[in-house]
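Chemist: Residue numbers (this note's numbering): 1 to 61.
The hints are simulated quantities; they were obtained by calculation from the structure and are not laboratory data. Remember, it's a predicted structure, so these values are computed and weren't measured experimentally. Don't take every hint at face value.
Claimed, not checked - The calculated lysine to aspartate or glutamate pairs, modelled on EDC-like cross-linking and capped at a C-alpha distance of 16 Å, are:
no., residue 1, residue 2
1, Lys15, Asp36
2, Lys15, Asp40
3, Lys15, Asp41
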Amino acid sequence: MSTPASVIIVCDYSKLNNTSLAQFTAADRIDTVVVDRLPDDVQAYRNAGIQVISLDEEAHL
Numbered sequence: 001m002s003t004p005a006s007v008i009i010v011c012d013y014s015k016l017n018n019t020s021l022a023q024f025t026a027a028d029r030i031d032t033v034v035v036d037r038l039p040d041d042v043q044a045y046r047n048a049g050i051q052v053i054s055l056d057e058e059a060h061l
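With these hints in hand, go ahead and build the complete structure from the sequences.
Modeler: Rendered as structure tokens:
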């Protein structure tokens, strides 16, 4: 299997920072997270080099 050029996660913000029974990729492989609203710890994601896009934020532009 080839490696994707970028890894983009699309989910509602409540799914972030939760433990799951299944993992589909390592956190350090994620490039972008698209969420319905920004999580409280958004800066931690950005400090890790992850682009965070909030649909709620985009709707107000």
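Chemist: Take the hints in turn and mark each one as holding or not.
Modeler: Each hint tested on the structure:
1. At roughly 11 Å between alpha-carbon atoms, Lys15 and Asp36 fall within 16 Å of each other, so this suggested pair holds.
2. Proximity of Lys15 to Asp40 is assessed by CA-CA distance (about 13 Å); at most 16 Å being required, the pair is judged to hold.
3. The straight-line distance between the Cα atoms of Lys15 and Asp41 is roughly 13 Å, inside the 16 Å bound, and the hint therefore holds.
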